[in-house]
Amino acid sequence: MSIFSQKELRTALKSARGLGSAKYGTEHFVVQRVTAIALIFLSLYVVGLIVSWIGGDYASVRASVAHPCNAVLLSAFLIAMFWHARLGLQVVVEDYVHAPLLAAASQIAIVFVCVLAALASVLAIIRIALGA
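Take the sequence shown: its position 75, counted from the start at 1, is 75 in my numbering, and no numbers get skipped.
Derived from the structure by calculation, the hints contain no laboratory data. Hints may be right or wrong, so weigh each one.
[Said to hold, decoys possible] Listed next, with one range per pair, are the computed distances between beta-carbon atoms: (1) Val72 / Pro100: 38 to 44 Å; (2) Ile37 / Glu94: 20 to 26 Å; (3) Glu94 / Cys69: 36 to 42 Å; (4) Ala66 / Leu101: 28 to 34 Å; (5) Gly131 / Ala105: 39 to 45 Å; (6) Ala63 / Ile108: 29 to 35 Å; (7) Gln107 / Leu130: 19 to 25 Å.
Treat the numbers as computed from the prediction; the structure is a model and nothing was measured. Beta carbons are placed, not taken as given, at the ideal position from N, Cα and C, and that holds for glycine.
Model the full assembly from the supplied sequences, consistent with the hints where possible.
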């Protein structure tokens, strides 16, 4: 009988085998970085657009939002922003919420809030663009 148990002699790789694929974590990491890069450029565009509205009246701002290029880029900004927020909040919950039921409820709430906020924001852009 050895003084070392069989488990102590395993390498880290041997211990990790059979615990499932690590591909999902990589996808999450890549998507979070891609949305961050997209948000850099889209944020610069949105800030520039908002600065151009200074001193304008409602009709000129509405006409600016109604332009197809502006409407599409504003919608892309909002979708990327809420997607990036969802990914970031998911990581926070995974790292700091240790109660399984609370973690699951938090993850579901994050998804619903982010999807509803993104839909409401894009709908607002559409309504402003159409003059409704």
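Practice task
Determine whether the Cβ-Cβ distance between Glu94 and Cys69 falls within the hinted range of 36 to 42 Å.
Solution key: Given about 38 Å between the Cβ atoms, the range holds.
Problem - Cβ distance range 20 to 26 Å for Ile37 and Glu94, holds or violated - result: holds, 23 Å
Handout entry: 39 to 45 Å as the expected CB spacing between Ala105 and Gly131, which holds or is violated
Key = For Gly131 and Ala105 the Cβ distance comes to about 40 Å; the hint holds.
Practice task
Evaluate the given range 19 to 25 Å for the C-beta pair formed by Gln107 and Leu130.
Solution key: 35 Å Cβ-Cβ, so the 19 to 25 Å window is violated.
Exercise for the section: May I ask you to test the hint 29 to 35 Å on the CB atoms belonging to Ala63 and Ile108? Expected result: 40 Å Cβ-Cβ, so the 29 to 35 Å window is violated.
Exercise for the section: Just tell me: holds or violated, for the beta carbon distance of Ala66 and Leu101 against 28 to 34 Å? Expected result: Between Ala66 and Leu101, where Cβ atoms are some 46 Å apart, the hint is violated.
Problem - Hint check for Pro100 and Val72 - Cβ pair distance inside 38 to 44 Å - result: holds, 41 Å
Hints 4, 6, 7, counting from the list given before, are not met by this structure.
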